[in-house]
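In case you want the letters, here they are:
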Amino acid sequence: MPYIRATVDAVWRLESARIVAALMRLLHDVGPAEEIAQDALVAALEQWPATGVPDNPGAWLTTIAKRRAVDHIRRARRFEELAPRLAVDALEEQPDDVLRLMFISCHPALPPRTRAALTLRMVAGLSAAEIARAFLTTEQVILRRIAEAKRVLAEAGARFELPPPEELAARLSSVLEVLYLIFNEGYAATAGDDLLRPELTREALRLGRILAELAPDEAEAHGLVALMEIQASRSAARTGPDGVPVQLHDQDRGLWDPLLIRRGFTALLRARELGGTPGPYVLQAAIAVCHAQARTAADTDWAQIATLYELLEQRVPTPVVRLNRAVAVGFARGPQAGLDLVDPLLTDPALRDFHLLPGVRADLLLRLGRTAEARREFERAAGLATNTAERAFLLKRAESTNTANRDALSTYTHHPAGTAPGETTAAGATLGEAADAFLARDDLEAATLRSYRQTMRRLRRTLGDRLPLSAITADDVARTFATAWGGAAPATWNRHVAAARTFAAWSGSPALTGQLSKKDLPDRPPKQGVAWDTGNAPLRESAPLRESALWTLIGESGAPIHHVLSLNVEDLDLEDRRARAGRRWITWRSGTARLLPRLLAGRTRGPVFLADRRPVPSRPLADADRCPETGRRRLSYERAEYLCKQLTGRTLSELKHPPNGQL
Amino acid sequence: MRFLMMSMATDEPADEQLYAEMGKFIQEMTAKGVLLATGGLAPEAVVITSVGDEVTVTDGPFAEAREAVGGFALVEVGSKEEAIELGRRFRRIVGDGRSVIQQVFGP
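Note that the protein sequences, when read in sequence, are chains A and B.
So in the working numbering, spot 32 of the first sequence is number 34, and the numbers just go up one at a time.
So in the working numbering, spot 54 of the second sequence is number 58, and the numbers just go up one at a time.
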């Protein structure tokens, strides 16, 4: 029985694409086509143990599947409508049926990962459990994804036909993208998973080879096959015995699979023979071939690779391609040329957490003899790497940089413009230590602390925890800000600038934020109904006394609203127009001075601003929040805000920044 | 996984129809993305033996033609059963004879 099961699976893997395609030709609907194909598979599992494996198992499965499809059509009472099609040539398989199937399973209406799952199921004949194992998820997730895909395809009216010529290129690139995604899902995984994942690279290669045979005139299909064959040829050399990734130029080229390399060469030749402008896959394959042709890393034709990357960048101008090009240029024309291309990428938000960027910089800096900076970049790369093995590798490189240049740290005495060496109080501390100490202050409010922590986290991630504070330049800070928050709202930008300035001042190096300036807040759209900024005096006068006093005090003092609301009568120093609120003084001017005595009306204790109503007896209230004379509670922030919005159309905090400076 | 399928040579000379069917089968296996390499082997063989430090080179042919490999196919598939299924199809085309399938380890 287990043997039969394995045989059925084997036949299924070889035949399912053809069978599902034939069913699509009959039913024109992915849902039933796929289900009936599964029915046929179940039928084989039930019958073959008793009858033995038929002489032509593929034909047996196809016959069963088609018979059930016809039953399905009859049951759906669509037979009359479909009869003519059944009679003529509908049952006749077409050579490009599997290609049509690929266009369906890689339909652009589906998200890429769903396309990948559906393709593995319908074209490669994998079971949901196998797909789940390969994608490190559960069978339920895959089944749900496939069911969802069927629904989307039915809704999108996806047709079982080859795309029209004007759509062909885009649809084909969708198929290629899915195959490469499947390939990379397997190829990018490293130690730990390597028992399962090679399955995926093999499936992707197999599907790619099928596609290249079905679409022999498409250069990009051959290009993708060439790329995958050559990348797969390096599988055995990519990890060391302890699972640590081995970089291309350190790999033992004797472990590269010559058979796959030769197949890659052949595929690329076929692509080139077709002519035309080379597309992204052909270019990437050509780069892979350059590496494969070099007998040793030193023999690599970097000039050619740099040229190919330049062409690739024109076609696919992504930051990652730019970074790769910089690596090639770094080898072809020297580390400085490479660094010149890498540095502009530092401000690219897409790469801000990409560990390879500091990794590449570190390599280039090391070759330039800028060891201290190289070490810092290796550490930063390690901090960003998510793969454990990779992180360990980067830390090792950082350490070896250090031991090779024991006095490297002393180069930090060189201070570019913008910092003030010797002025710093925390000069010996690293950024990480300084930030920790800064955030450990106990005089900050929770919200402020949270905000500061955000700012500091970004600085630490971008600049590196172990960087001495004294080595940070105003340029570094400005660059971090431009990358992280250059596109954020002005208010967000200003919040981070304020936090950075506080930190810079606290750490005794205010020059750090010398290049940062706050942005102007956009004018708020005028609120309808009430014009606060013009003729606000009548409004204020028409408002109830309490509101009028509160708003005036907030406007004149600029103090935090909750501080103002927390004031008690006994805190007030009416004569000197000031009051003690926690650790700070709130001061006001004549407007408030005029209104306060009327508001207090002789009260000597308790909250200055009182709610209208007495508290509900069942609600416990701290004595501090109740007026001992009237029994009324303290005006709450929510209520004050509500009333302000009701009467003026503005928020309380807007009163602190009155337009045109009026109040 | 990779499997090497070796087919033993037969005394029967292959006719044109067999060549055509073989060609079609090879094409199909290539199109399915499973066939990595294939080829026929010349009957002339060289045997190299080593005993201790001594290496001896002897010209073939083999004593018995039935022992000699006439052709091979290297396939990449997901399971042994898949390789067997391919072997069954192949045997159905070529008629009487014998093939051997072995898994290939590395690289």
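Just so you know, the hints here were simulated from the structure itself, not pulled from any lab data.
Because the structure is a prediction, the values reported are computed rather than measured.
Any given hint might turn out to be false.
To be verified - Here are the simulated distance ranges between beta carbons:
1. B:S54 / A:R335: 15 to 23 Å
2. B:V55 / A:T140: 37 to 45 Å
3. A:T140 / B:G99: 44 to 52 Å
4. A:T349 / B:F76: 50 to 58 Å
5. B:V55 / A:R335: 19 to 27 Å
Claimed, not checked - Cross-link-like lysine to any residue pairs, in silico, SDA-like; alpha carbons within 25 Å at most:
6. B:K84 / A:K68
7. A:K398 / A:A305
8. A:K68 / B:E32
9. B:K84 / A:K398
10. B:K28 / A:R20
11. B:K84 / A:T9
12. B:K84 / A:G54
13. B:K28 / A:T65
14. B:K28 / A:R459
15. B:K84 / A:Y5
Stated by the list, open to error - These stretches of chain B come out as covered by chain A in the derived footprint (C-beta under 8 Å, 3 or more residues):
16. 38-46
17. 50-60
By construction, the Cβ of each residue, glycine as well, lies at the ideal position given by its N, Cα and C atoms.
For each hint, the structure was consulted:
Range check, S54 of chain B to R335 of chain A: Cβ separation about 52 Å, and the 15 to 23 Å hint is violated. Between V55 of chain B and T140 of chain A the beta carbons are some 58 Å apart, a value that contradicts the proposed interval 37 to 45 Å. Between T140 of chain A and G99 of chain B the Cβ separation comes to about 48 Å, which falls inside the hinted range of 44 to 52 Å. With their beta carbons about 57 Å apart, T349 of chain A and F76 of chain B fall inside the hinted range of 50 to 58 Å.
The hinted window of 19 to 27 Å between V55 of chain B and R335 of chain A is violated, with their beta carbons roughly 57 Å apart. Distance restraint check for K84 of chain B and K68 of chain A: the Cα-Cα separation of roughly 29 Å exceeds the 25 Å cut-off, and the hinted pair is therefore not satisfied. Of the supplied pair hints, the one linking K398 of chain A and A305 of chain A is violated, its CA atoms being roughly 30 Å apart against a limit of 25 Å. For the hint linking K68 of chain A to E32 of chain B, the alpha-carbon distance of about 22 Å falls within 25 Å, and the restraint holds.
For a cut-off of 25 Å, the pair hint linking K84 of chain B to K398 of chain A is broken: about 42 Å separates their Cα positions. Between K28 of chain B and R20 of chain A the alpha-carbon distance is near 17 Å, which keeps this suggested pair within the 25 Å criterion. Proximity of K84 of chain B to T9 of chain A is assessed by CA-CA distance (about 9 Å); at most 25 Å being required, the pair is judged to hold. The hinted pair formed by K84 of chain B and G54 of chain A meets the criterion: a straight-line CA distance of about 18 Å does not exceed 25 Å.
For the hint pairing K28 of chain B with T65 of chain A, the CA-to-CA distance comes to about 23 Å; that is within 25 Å, so the pair holds. The straight-line distance between the Cα atoms of K28 of chain B and R459 of chain A is roughly 64 Å, outside the 25 Å bound, and the hint therefore fails. For the hint linking K84 of chain B to Y5 of chain A, the alpha-carbon distance of about 10 Å falls within 25 Å, and the restraint holds. With 3 residues having a beta carbon nearer than 8 Å to a beta carbon of chain A, the region 38-46 of chain B meets the requirement of three or more and the stated coverage holds.
Residues of the region 50-60 of chain B with a Cβ under 8 Å from some Cβ of chain A number 0, which does not satisfy the need for three, so the listed coverage is violated.
Checked against the numbered hints above, the structure violates hints 1, 2, 5, 6, 7, 9, 14 and 17; every other hint is satisfied.
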